[in-house]
Amino acid sequence: MQLCAPDTKDYPELVEVWERSVRATHDFMPDAYVIRLKGLLTQYLDSVTLFCLRTDEQNIAGFAGVNRGRLDMLFIAPQYRHQGLGTQLLQHAIGHFGITELDVNEQNPRAFGFYCKHGFKVVSRSEVDGLGQPYPMLRMRLISPP
2 MQLCAPDTKD YPELVEVWER SVRATHDFMP DAYVIRLKGL LTQYLDSVTL
52 FCLRTDEQNI AGFAGVNRGR LDMLFIAPQY RHQGLGTQLL QHAIGHFGIT
102 ELDVNEQNPR AFGFYCKHGF KVVSRSEVDG LGQPYPMLRM RLISPP
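In terms of our numbering, the sequence shown has 95 at position 94, counting the first letter as 1, and numbering is strictly consecutive.
You may find that some hints are simply not true.
Derived pair list, reagent style DSS-like, types lysine-lysine, alpha-carbon separation capped at 30 Å [unchecked claim]:
no. : residue 1 : residue 2
1   : Lys-39    : Lys-118
2   : Lys-39    : Lys-10
3   : Lys-122   : Lys-39
Quick caveat, the hints were computed from the structure, so don't treat them as lab data.
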């Protein structure tokens with residue numbers, strides 16, 4: 002896998018990876034809400050610093066986005082999960098961009114456990130997500146790097 006910075010021509014592939022990842026891990030979200038979020042994603046991609054992991058065939062296996070010391074997104078294509086790619090992206094976000102905070106859906110226990118394993122602890126909770134919908138979010142802060 003090669004770590005690199007995608008550009009705007011990669012957005013359709015990033016959106017595809019995002020959607021497949023969300024559908025595999027966010028089973029608590031109704032389809033209509035996933036479609037709504039997907040419609041906002043390209044605009045959101047422009048507001049973060051992106052980096053991704055590409056396969057030898059140059060396919061995007063996973064990506065992350067950071068902004069002002071926060072990890073705003075980290076998604077792995079389902080077929081590449083459990084291979085250490087999330088850890089690689091998170092470590093790059095911490096080491097290269099100095100991220101110390103992130104938000105995670107409370108209803109996504111796998112992601113929550115992943116971040117706990119990497120030294121993040123819950124510092125606050127919101128009853129709603131960033132769009133005001135009833136998907137509780139946990140604010141996590143890096144307390145003890147692994």
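Hints, verified against the model:
{"no.": "1", "hint": "Lys-39 x Lys-118", "result": "29 Å, holds"}
{"no.": "2", "hint": "Lys-39 x Lys-10", "result": "17 Å, holds"}
{"no.": "3", "hint": "Lys-122 x Lys-39", "result": "28 Å, holds"}
Violated hints for the displayed structure: none, as all numbered hints are satisfied.
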